[in-house]
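With the hints as a guide, bring both chains together as one complex.
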Amino acid sequence: MAGRLSDRYSMAALEALRVTELRELAREHKFIGASALRKAELATALHRHFLHLDDAAATRRRERAERLPAQAAPPPVAAVPASEQVETVAPPAAADPGSMRDPAWYAPPLPERYDVDRLTLMVRDPHWLFCYWELRPALLAAARAEFPGPSWTVLRILHLDDAEGVFDIWTIDIGSEALSWYVNTGRPGARFRAELGLTDADGRYRLLVASNTVRVPMDTPSVRWDEEWVGVSREVWEELERTPRPFPGSLGGWDQLRRDLARLGAERVGASERLSAAAPGGDKGKRS
Amino acid sequence: MKPAPRPGRVALVLHHHLPYIRHPEYEDFMEEDWLHQAVAETYLPLLEVFERLRSDGVPYRVTVSLTPPLISMLDDPLLRDRTERHLTRLLRLAEAEVLRTRGDEGRARLAVYYRDHFGGMRDRYLGAYGRDIVSRYRDLQDSGHLEIVTCGATHGFLPLMNDHQPAMRAQIAVAVEHYRARFGRRPRGIWLAECGYQPGVDQLLADAGLEYFFVDTHGLAFAEPRPRYGVFAPVMTPSGVAAFGRDLESSHQVWSAETGYPGDPVYREYYRDLGWDLDLDYLKPFLGHHGFRKNTGIKYHRVTGRVALHEKALYDPWAARDKADEHAGNFMFNRERQVEDLAGRMERPPVVVAPYDAELFGHWWYEGPRFLESFIRKSAYDTSLYSLASPGDVLDEQPINQRATPSFSSWGYKGYCEFWLNGANDWIYRHLHQAQERMTRLADAGGPGSGSLRERLLAQAGRELLLAQSSDWAFIMKTGTVTEYAEKRTKEHLHRFAALADMLEGGRFDEGRLADYEGRDNIFPAIDWRHWRSRPGEVLAAGAVRTPAVG
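Chains as they are written, first to last, in the numbering used here: chain A, 1 to 288; chain P, 1001 to 1551.
Extracted from the complex, chain P is given alone in its bound form (with noise of 0.2 Å):
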């Protein structure tokens, strides 16, 4: 007997994204390891979670988005060689440990468990998977557990574009088409980069046959008219893709410095690392050329409360585990608890989506991944009231949905634009605004056969376009971290885009050049610079009007 139909939906969404950062004049580049850490610590684990889930026939759903940049670097060989080397000095830092460690049991105790940790996920990355983490996630879809979306091609916030359509298509159609190459089929949904939606852009998300994108609970909440359900179950935008809003009480209690789980006194302390603590020289072998000081990976202690971080508790994974499986047992009494109380109020089955920075589970919250798993066993067998689904399920099932315009937003501070427009970052958009504009009269003027000069300089211009306008630059120079190099980028990324444009213009070809710009820049070989054109009636230089004199 088939057994009942559960009541709830609940849309567990990973969004995952790093900004596109590959440096091949450098041996060793301190913003690489990005990279190369979030393979460690969320990729890696997170794919061990959902392999192990599935081989143990656990039947799950979870919505995963992964960016064009993200994918394009995990599919670098140079990045995926830089890769290797840092799972081997992560291991050979850890078997340094385990000898310097003797005679201090509770840190030989850890050293042991990271070297094991470390070894074991190294073989894998280099064994079982042949250095490709994008291929096994395809798999998952393939297989069921997984639907993948797509993103922006390079994260581009498009509620900044100034409406300039054909540099808002081409950020989507770029994505879409490096999705279908990759992933052998078309992208149902797509993740808004930082959710960002102004009215109009779910018509261009239509357009290259998209189904869903998401939005922050006030693009629902604030929508037009007022959503019937508020956020628990998606609408239907005017050009016919639908929009899902964010559940707040689920963010928060993943998310919350104050009151989420990742503050648990019993989970790693992030910021104590042994690359803060030894001395340099011990430690100059494992960090790279540069001989910075970094996070190295390999953490003893535990948030312990609220003490300073020299007076932090040795870190107990045993102990951990057990939290995070206590917290994934809270986790779904709170969605079941929401559930039950909404599913009293609809007439259908409310949907509860819960979405989260990917690089949250592992990078900074390391119980998060065995959390997941936790969660998704639990919510196979344990409850009786919500099943995990996709959104494109969740559309399957409930295609009738009520229509509705959703609100101007972004997930970001402050649910706008503010973060990535203050007087930290503004400067930047007059350049890029000049830029795009300056690609859409290229790409209008068009270019002879394929393969031709003139249309590798095209496709050159539009990656350089499409790199300068990753929202993560003007991300960075808010938040203070690495700024220099977040605006190095966006310089540098315009600057060779005026280059190439000058060439196209100018008629004057340096093919030396462009070939550096495509070896150093080599994101989407297969980028259609077509995607650019203007289409008629678009109003493409929006506030560079001239107007006649008035009295």
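Chain A extracted, bound-state conformation (with noise of 0.2 Å):
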């Protein structure tokens, strides 16, 4: 390679392209992440990434000239597969380099299964939800036997009312590779369960498992406007540091203080008690 990327490239090189000429760049040499950043940062990464490409150059010059008197020839290049070549001469990724170039510190994949069936249904925002799921081949096949025909599975989403009954249903075709999925329902504050299906032409359907209950937040001030002031006293908390728990691991013995703290200190206030006991400089907090 002639002469040093980091010099060729310096920062106002850089600075001068275009951001899709940046892009370019950033392809042509391995830089990963491009995409995300704006134009001034992605002019600093890749200046960094280029200083690190010309220092493992450096380097590798370096150790090939400290190995060369006492190798006596390079191991044929047809001995190395193709993608281990590659390897070997990757540049370092990312902006960063991190200390995971070592290749001994290697973690195997996670299983891909845990032998359950299971769908699970997770919260992203007020209008998403995601979910994932595991369904073991054996109930799969005993539920497809079931058809007449051919069948596939489907994502169901069912929003439910305050009273467990079903508000809405939609059925989401979702093929037979994905394991996970995210819904936009669109509708904050919602509760919503969903379940695995299997279904067919004529409209069949059999449920294969079905998810937690989950309810999305709002992304609006509530409506409810009522009030209602509750205290605490401190000489509570005190008494409730001062209590012995009952055994290692345990919090239990809150319990029971929880209740009286409830009792003492959690009535409900009036108005035109809470306006006097909130005063600023007044009698603060204090009542009977």
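The reader is advised that the hints may include incorrect statements.
[Said to hold, decoys possible] Derived DSS-like pairs: lysine-lysine, alpha-carbon spacing no greater than 30 Å straight-line: (1) A:Lys39 / P:Lys1414; (2) P:Lys1294 / P:Lys1488; (3) P:Lys1294 / P:Lys1312; (4) P:Lys1491 / A:Lys30; (5) P:Lys1491 / P:Lys1478; (6) A:Lys30 / P:Lys1478; (7) A:Lys30 / P:Lys1312; (8) P:Lys1478 / A:Lys39; (9) P:Lys1294 / A:Lys39; (10) P:Lys1294 / A:Lys30; (11) P:Lys1294 / P:Lys1323; (12) P:Lys1488 / P:Lys1284; (13) A:Lys30 / P:Lys1284; (14) P:Lys1323 / A:Lys39; (15) P:Lys1312 / P:Lys1323; (16) P:Lys1488 / P:Lys1478; (17) P:Lys1312 / A:Lys39; (18) A:Lys30 / P:Lys1488.
[Claimed, not checked] Between beta-carbon pairs, the in silico distance windows are: (19) A:Ala178 / P:Arg1100: 56 to 64 Å; (20) A:Thr59 / P:Glu1249: 48 to 56 Å; (21) A:Arg61 / P:Asp1357: 37 to 45 Å; (22) A:Arg215 / P:Lys1414: 12 to 20 Å.
[Stated by the list, open to error] With the Cβ distance kept under 7 Å, some of the chain A side facing chain P (calculated, not the full set): (23) Ala12; (24) Thr44; (25) Arg48; (26) Asp55; (27) Asp125; (28) Met218; (29) Pro221.
Everything labelled a hint here was simulated from the structure, so no lab data went into it. Just so it is clear, CB atoms sit at the ideal spot from N, CA and C, and this is done for glycine as well.
Dropping the structure here:
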């Protein structure tokens, strides 16, 4: 390679380029994550990337120079599979070198299956749900056998009302490969459950596995304005602090005291009382 | 005569956290540097500020969260050795710079400045502090200047734990016990990792004897019912634990890249670092055995303006200090206007909660500690409108609060779970959920007498699970910085957990392997695996329900 990359692409040179040219350069030099960066960030990150490449090249040259006299002949190129060749000259990825260049520190993949039938529903935000699943092949095969013809897997999202009834259902064709799905419900504040089931051309439906129930948050202030004011007394908390815990690993002793606390400090306070109790510099919080 | 009470309260909250990164198997480890850099650039400078304010007799109250992983790393002898080595390398580099920059007056002045600064800091760390940073924080709490709150045991993000009560309970209970042992008292408050809250979490906090926690602005703004005073007064959750909401305005002034203080042209430029400007052969002795370039912490340039990195002008620490003082004055002024406005409309002292990541001050925003010092001084002497107070102080003063349930929320990107649940990291949850459920099955099966091998296995399984649950891994996977490292950590702890669980279930104990794990993942020596036991009536494996056929 002729000359140092970081010299050829100095900060000044990189900053003079257009963002599309920078991205092209990033692709060319195997720099990962370029699309996430803004122009100025990308120029800086690329320059650092080139510094790494130059450093790595210098190190390789030095090591080769040191090794050369001792080594009779370089190993025949054909003995190294193409994939590994790429590996040995691969530049450090990403903007920061990290210590993970050490190939000895290898974490094998996690299990693909846990041998359960499972569908777990999670809340991402007021508008989106996420679910993942695992189905045992035996369950799927047995369920398929109940259908006269071809059947396929669907994800059903059940919008629940507050009495556990189903308010609305929609069905998503998820194909046979997917193991998780994001669902845009657009219904802040609602409760949901999901199901995986089999269906066929005649509209038959066979439930495979049902999920847990979740409630997504509201994305607006509450329409409830009614106020309730409750107090907590320091003395009660100090009493709590002095109470020995019954046995290690248990916080159970708190339960009784929390009930006491509710009795002592948490009765409802009327609005007029609240105003006088909470006035700045007034009779702070004291009441009978 | 007592001065008239000030109408408002400002609660400054500094969240100190780093993930647990400790690799005895490597002489130098790149990601361990996060700790050493934070010590050099944030924790030591902040301690200097807090201690100087105290010795000057300035009355102040600041809330600080120290997470269990951070405390454990700061207390670890191996990592202390390495922090010391880092500070020494830094000083040596600064000394070399004093020689190298001779003849270049502008840089030479800065090199001398860095040498003196690093030298003083290293002396303090080794001398007065005896390498023990946590005890200095403890001392500041004992003298009434700081209120230290805890955090989930490994900064686990509770809303993505599938509502599994034992897993969430363990995150909280392990942290509370760790705090008691380290600070000699119970924590009054907790900083939930990433402010991640879902209704029901407050009950777990109550069970652990906690009095308050924090939510982001919309956590209170969307609370049920609507809180009378928005985020400017705490609410009382159904379980009797108070929730404080973040004030947006004070956050934006410090955080915002466009309008915030840290972007001022006079301040030091974070991205222009000596580690990227100089020849590698010159830098190598100061970088560590891996020999990779990295940020050294010596930076000669200032933000300057919207110019390219190579066009940045030289930094002037003295001008930057003046600017930090000016910004502190502006910050105070804005809090005064805020309090003035609110106090006229509230029947009680408005509370402005201003939480930040501690590492912002010093590490990212070099002048941040000076800004805080200046702001705290001004808050003590130059205003009659508000006083600094901790949430604990506020509850002591105002024990009666409105009952409300905060909204499910976090202070992350878009305010909910998206940063920790997206295409880059959603694959981890099926494994984490499976592991937490398995842990509870193991804990329910129990173990005989204390100190037995079985108990050691259970305890280590708990440690591995906790470490796998750190929200930091999912966070890093999303930011795309050192993804490979975060993925490996997630997998590695889950593998170790599975190996220990297999031993417990199969009855074939490999003590050598256990001892190896105990040596590597040595957080929480006194952990109690019983926290993972289930309680009657708890739904434990939500989403794993077998159902009968339907027509």
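Outcome of the hint check:
no.	hint	in the structure
1	A:Lys39 / P:Lys1414	24 Å, holds
2	P:Lys1294 / P:Lys1488	21 Å, holds
3	P:Lys1294 / P:Lys1312	19 Å, holds
4	P:Lys1491 / A:Lys30	26 Å, holds
5	P:Lys1491 / P:Lys1478	16 Å, holds
6	A:Lys30 / P:Lys1478	20 Å, holds
7	A:Lys30 / P:Lys1312	29 Å, holds
8	P:Lys1478 / A:Lys39	20 Å, holds
9	P:Lys1294 / A:Lys39	22 Å, holds
10	P:Lys1294 / A:Lys30	20 Å, holds
11	P:Lys1294 / P:Lys1323	28 Å, holds
12	P:Lys1488 / P:Lys1284	27 Å, holds
13	A:Lys30 / P:Lys1284	25 Å, holds
14	P:Lys1323 / A:Lys39	29 Å, holds
15	P:Lys1312 / P:Lys1323	18 Å, holds
16	P:Lys1488 / P:Lys1478	14 Å, holds
17	P:Lys1312 / A:Lys39	17 Å, holds
18	A:Lys30 / P:Lys1488	22 Å, holds
19	A:Ala178 / P:Arg1100: 56 to 64 Å	58 Å, holds
20	A:Thr59 / P:Glu1249: 48 to 56 Å	51 Å, holds
21	A:Arg61 / P:Asp1357: 37 to 45 Å	42 Å, holds
22	A:Arg215 / P:Lys1414: 12 to 20 Å	18 Å, holds
23	Ala12	6 Å, holds
24	Thr44	6 Å, holds
25	Arg48	6 Å, holds
26	Asp55	5 Å, holds
27	Asp125	4 Å, holds
28	Met218	5 Å, holds
29	Pro221	5 Å, holds
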